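Asker: Model the full structure from these sequences, guided by the hints.
Number of protein chains: 2
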Amino acid sequence: MVYGPLIAKPWFIRNNLSMTNTPSQNEAQLKLRRVAIDTYHENVAYLNRKCRLYQAEGFQALSKVMVLANGLRIFAVLNIVDDDNIVMPDELGLAEQAFEQLNMEEGKHICIAHAEPPDSMEAVRRKIAGERLELIDFRAITRDIVENRYSKMEMAAFLVASMHTGLDREEIYSLTQAMTETGEQLKWHAPQVVDKHCIGGIPGNRTSMLIVPIIASHGLLMPKTSSRAITSPSGTADTMAILAEVDLSPERMQKVIEKNGACLTWGGKARLAPADDILISVERPLGIDSEGQMVASILSKKLAAGATHLLIDIPLGPTAKVRHMQEALHLRKLFEYVGDRLGLHLEVIITDGRQPIGRGIGPILEARDVMQVLENLPEAPDDLRQKTLQLAGRILEFDPDVRGGQGYALARDILESGRALQKMHDIITSQGSRGFDFSPAPLTIDILANKTGVVTTINNYQLARIARMAGAPMAKRAGVDLLKKIGDEVEKGAPLYRIYAEFPADFNFSHNLASIDDGYSIGRVEDVTKAHMEF
Amino acid sequence: MVYGPLIAKPWFIRNNLSMTNTPSQNEAQLKLRRVAIDTYHENVAYLNRKCRLYQAEGFQALSKVMVLANGLRIFAVLNIVDDDNIVMPDELGLAEQAFEQLNMEEGKHICIAHAEPPDSMEAVRRKIAGERLELIDFRAITRDIVENRYSKMEMAAFLVASMHTGLDREEIYSLTQAMTETGEQLKWHAPQVVDKHCIGGIPGNRTSMLIVPIIASHGLLMPKTSSRAITSPSGTADTMAILAEVDLSPERMQKVIEKNGACLTWGGKARLAPADDILISVERPLGIDSEGQMVASILSKKLAAGATHLLIDIPLGPTAKVRHMQEALHLRKLFEYVGDRLGLHLEVIITDGRQPIGRGIGPILEARDVMQVLENLPEAPDDLRQKTLQLAGRILEFDPDVRGGQGYALARDILESGRALQKMHDIITSQGSRGFDFSPAPLTIDILANKTGVVTTINNYQLARIARMAGAPMAKRAGVDLLKKIGDEVEKGAPLYRIYAEFPADFNFSHNLASIDDGYSIGRVEDVTKAHMEF
Numbered sequence: 005m006v007y008g009p010l011i012a013k014p015w016f017i018r019n020n021l022s023m024t025n026t027p028s029q030n031e032a033q034l035k036l037r038r039v040a041i042d043t044y045h046e047n048v049a050y051l052n053r054k055c056r057l058y059q060a061e062g063f064q065a066l067s068k069v070m071v072l073a074n075g076l077r078i079f080a081v082l083n084i085v086d087d088d089n090i091v092m093p094d095e096l097g098l099a100e101q102a103f104e105q106l107n108m109e110e111g112k113h114i115c116i117a118h119a120e121p122p123d124s125m126e127a128v129r130r131k132i133a134g135e136r137l138e139l140i141d142f143r144a145i146t147r148d149i150v151e152n153r154y155s156k157m158e159m160a161a162f163l164v165a166s167m168h169t170g171l172d173r174e175e176i177y178s179l180t181q182a183m184t185e186t187g188e189q190l191k192w193h194a195p196q197v198v199d200k201h202c203i204g205g206i207p208g209n210r211t212s213m214l215i216v217p218i219i220a221s222h223g224l225l226m227p228k229t230s231s232r233a234i235t236s237p238s239g240t241a242d243t244m245a246i247l248a249e250v251d252l253s254p255e256r257m258q259k260v261i262e263k264n265g266a267c268l269t270w271g272g273k274a275r276l277a278p279a280d281d282i283l284i285s286v287e288r289p290l291g292i293d294s295e296g297q298m299v300a301s302i303l304s305k306k307l308a309a310g311a312t313h314l315l316i317d318i319p320l321g322p323t324a325k326v327r328h329m330q331e332a333l334h335l336r337k338l339f340e341y342v343g344d345r346l347g348l349h350l351e352v353i354i355t356d357g358r359q360p361i362g363r364g365i366g367p368i369l370e371a372r373d374v375m376q377v378l379e380n381l382p383e384a385p386d387d388l389r390q391k392t393l394q395l396a397g398r399i400l401e402f403d404p405d406v407r408g409g410q411g412y413a414l415a416r417d418i419l420e421s422g423r424a425l426q427k428m429h430d431i432i433t434s435q436g437s438r439g440f441d442f443s444p445a446p447l448t449i450d451i452l453a454n455k456t457g458v459v460t461t462i463n464n465y466q467l468a469r470i471a472r473m474a475g476a477p478m479a480k481r482a483g484v485d486l487l488k489k490i491g492d493e494v495e496k497g498a499p500l501y502r503i504y505a506e507f508p509a510d511f512n513f514s515h516n517l518a519s520i521d522d523g524y525s526i527g528r529v530e531d532v533t534k535a536h537m538e539f
Numbered sequence: 005m006v007y008g009p010l011i012a013k014p015w016f017i018r019n020n021l022s023m024t025n026t027p028s029q030n031e032a033q034l035k036l037r038r039v040a041i042d043t044y045h046e047n048v049a050y051l052n053r054k055c056r057l058y059q060a061e062g063f064q065a066l067s068k069v070m071v072l073a074n075g076l077r078i079f080a081v082l083n084i085v086d087d088d089n090i091v092m093p094d095e096l097g098l099a100e101q102a103f104e105q106l107n108m109e110e111g112k113h114i115c116i117a118h119a120e121p122p123d124s125m126e127a128v129r130r131k132i133a134g135e136r137l138e139l140i141d142f143r144a145i146t147r148d149i150v151e152n153r154y155s156k157m158e159m160a161a162f163l164v165a166s167m168h169t170g171l172d173r174e175e176i177y178s179l180t181q182a183m184t185e186t187g188e189q190l191k192w193h194a195p196q197v198v199d200k201h202c203i204g205g206i207p208g209n210r211t212s213m214l215i216v217p218i219i220a221s222h223g224l225l226m227p228k229t230s231s232r233a234i235t236s237p238s239g240t241a242d243t244m245a246i247l248a249e250v251d252l253s254p255e256r257m258q259k260v261i262e263k264n265g266a267c268l269t270w271g272g273k274a275r276l277a278p279a280d281d282i283l284i285s286v287e288r289p290l291g292i293d294s295e296g297q298m299v300a301s302i303l304s305k306k307l308a309a310g311a312t313h314l315l316i317d318i319p320l321g322p323t324a325k326v327r328h329m330q331e332a333l334h335l336r337k338l339f340e341y342v343g344d345r346l347g348l349h350l351e352v353i354i355t356d357g358r359q360p361i362g363r364g365i366g367p368i369l370e371a372r373d374v375m376q377v378l379e380n381l382p383e384a385p386d387d388l389r390q391k392t393l394q395l396a397g398r399i400l401e402f403d404p405d406v407r408g409g410q411g412y413a414l415a416r417d418i419l420e421s422g423r424a425l426q427k428m429h430d431i432i433t434s435q436g437s438r439g440f441d442f443s444p445a446p447l448t449i450d451i452l453a454n455k456t457g458v459v460t461t462i463n464n465y466q467l468a469r470i471a472r473m474a475g476a477p478m479a480k481r482a483g484v485d486l487l488k489k490i491g492d493e494v495e496k497g498a499p500l501y502r503i504y505a506e507f508p509a510d511f512n513f514s515h516n517l518a519s520i521d522d523g524y525s526i527g528r529v530e531d532v533t534k535a536h537m538e539f
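Residue numbers (this note's numbering), protein chains in the order written: chain A, 5 to 539; chain B, 5 to 539.
Keep in mind the hints are simulated off the structure, nothing from the lab. Here the structure is a predicted model, which is why all the values come from computation and not from measurement. Be careful, since some hints might not be right.
Facing chain A, according to a computed beta carbon distance under 8 Å, are these residues of chain B, among others [stated by the list, open to error]:
(1) Asp42
(2) Asn83
(3) Val85
(4) Asn89
(5) Ile90
(6) Pro93
(7) Arg129
(8) Glu158
(9) Ala165
(10) Val286
(11) Leu348
Away from chain A, derived, C-beta distances all over 10 Å, residues of chain B [to be verified]:
(12) Gln394
(13) Phe440
(14) Leu487
(15) Glu530
For each residue, glycine too, the CB sits at the ideal point set by N, CA and C.
Answerer: Printed below as a string of structure tokens:
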């Protein structure tokens, strides 16, 4: 049984009704007030219980209200206030996010109305019932999501429904298309705009910060925007923020790109495929992630950013997001299918995801690794360098002038010549340098090998968790430094990795977690987990 | 791909970790403050952005916090405050609901910690992946829900996952059992405790308020608790609240039952199967409703209330919740299966759900109908009277001393003799009388027939919506009075029903909605929708 909720009761506006006898808006106007509460990704409005114009409780039970002023409207959850210091009976308070969205001065007159449940929930209910959805349905859903008409529980319903029976390839294409359209779309005056994306799950792994200066040195346009960590110990934007400003206005970002042919910024303000950011804020805490949503999420962002050529990195390993070669191949074909439908030149590379890439996990420690590789220092982590060259080489071969198979050598030449380092310094200077202080947090402890042997596995998930508990990414100097990697010989009592923490509570929790499960297995050389090629 | 979220970062408490080096709670104590904001079914905590003890933003991004004091803990969503008037940097504010749950004085010292995602989300993710769940899983889920550990989006994920492939009969039994256990369970010193429940969807239909005094007059124990309307124009508790107090403490309710053998109260405070109330607060706004959830919801509430004998009413009709006989039969068998497993003596009756039952829709108007039937007045709505006698008769036959087939006549005798009316007055007096003023709201308009003929259908959904728009149930005197029912002959221009509203805005909206679609069809006598028996 699936039926529409009987909760529609608009006061002043209803799209599908012809309005006769609409009461004058003067009858029920409130004064706008900013309430200094940060409600994080959810619009909240505050109405005094004694408000004479609206029956506060009747409104509240129905969960969402529409706030109307000068033809503008936003949607918000309603909270009822019993304290006149927060809002007066003739006021409507808006929490910070909602206030910014409405973008009006305090004291201006506004009205509220019961929000209709979003029309597109009808399509979500059809999906719950197992139906296929069409492009027009996905367009309606993403538009309503971007307009903040979906509550978090409505988004959860959409996500769970679309992962349960799953979305078929055509539906994933439609969802990608719809997410791309509902937001800004950048256009570049260049024949090729290249980008790369890793599906995630591997701590460290800061290849983008190395690939971008290599590719830009060669002359391909690579305007790279990245995300901040949501559930990982650091995102590329968090690590880059150690070295340079990453929160740039579109105008400043444009200038950085014009000057350097590239940037390394945070993508959060760009409003590219904004439905994706909103859905992720529900998907991550729920711990659910479907292939379909992942493909649509990644490709819509890249399309909206104007990419024409894209390299996708799928790390494969026993504690990576993708754990079996068959699954990796299925995902690759899905990316290829949707990429082709959208006219995106797309290549997928399946990489070794058995362990963290590089030495550091956490913003400062990862930034240090990146600079060591760019500076060609002997202590630079070799796995990070090798993976960078492998991926950069494939991207360079998108250039018609680069001969097939020559990309790797070309990337290596650019790196070893110091041109990539110079380009990175140029990008940092353009974005706004923040200095190069890589000193880690003061509270440290080494986690020691409990026997002698060879490192056979490293659990990505557990190491990420230990680094997070140590305070990363909020505490920028916190995290974990790996001293041994898979295949290394260790003596009992030798250090495997070092924890860095800023605060005693973080330190204790991280240390406790590592004491219970250090995330390492030590065994015989023949037990070493093989790279994916041999799975 | 389904994997656990990497967001666990507890500060002070973690169930599965042995705690060494736990920092003293003195390190990070805040003072408790009540924030006079009513956040409706969701716990919210407020932390000042300048708080030196906790990194407010790091906490916020992870969505839920645990508030700890004296061994007590509650879970809440965290909002960050930039106004010292709301909370000071050394305070933690709790919204009204959360403050009440913690039940401590303002100014007391408390700590906060990152809340682990509830362990039972792992079972929800298995359900999303299509697995069957066991009793132990449902127990874990309902316990976490009742402890407020689930966010609304996590509940939405559970609900959608369990309606998608559905729950099998055994799972529905397990869910019912688990929901019953997580809450209070009433026990009665009586061999038979009878109850009835209608699955809903039919406006008017206030049979419980008639059945209870009839059954109690006969001497069977019937402690009836009902719900308030969530998305309908009135619930039994809303209508009963016109005549008597319905929000009684358990002690007062007990006294009412001892004196009268029955009560007619609101069930909201009883904490019977509380997981159900919480799930419904997500299910209704989403407009989703699965057979499995419905069966578990109804039976867990009745079991927890101590019922031994239960009559379930499934109205069947083209605009009822159940629209096909096959579906009704399937639902009946499901109720029977789960009822048998739980040792509940259960009967299901499929009733005529083609149109609203009685004349009034809305609290005052329905209360008037009920009293007219009890008083055996000639103007009393006959369909309400007949349905009452039909259901009451079946319940009376639960009594071993009543001969099969004699229930209806016995119920009619009790009603016609005035004993039911006297019993109702006794119950009202015991609960606390509120008087018998049935004068409706002042703004009225008659909706007229647009042609001459016979009423062939009445749309339950549309009439409920018109009554809601008119202000019911918040405006108690508002609603709709039906002047014609299915089968009645009408002249063009004759009134079909009358709308009553308290406020002009409600009046206009209700009137507009009725003008667009009055919910009535008028045609030839042979077009009249047949009752379910002939579907």
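Asker: A separate judgement is required for each hint: does it hold in the structure or not?
Answerer: Verification of the supplied hints:
1. Asp42: Interface hint status for B:Asp42: holds (4 Å vs cutoff 8 Å).
2. Asn83: This interface hint holds because 5 Å falls under the 8 Å limit.
3. Val85: holds, 5 Å
4. Asn89: holds, 6 Å
5. Ile90: Because about 7 Å separates B:Ile90 from the closest Cβ in chain A, which is inside the 8 Å limit, the hint holds.
6. Pro93: violated, 13 Å
7. Arg129: holds, 6 Å
8. Glu158: Given a least distance of 6 Å, the restraint on B:Glu158 holds.
9. Ala165: holds, 5 Å
10. Val286: holds, 5 Å
11. Leu348: violated, 23 Å
12. Gln394: Holds, since 24 Å exceeds 10 Å.
13. Phe440: holds, 25 Å
14. Leu487: holds, 23 Å
15. Glu530: Given that every Cβ of chain A is farther than 10 Å from that of B:Glu530, nearest at about 29 Å, it holds.
Hint compliance for this structure: hints 6 and 11 are not met, and every other hint is.
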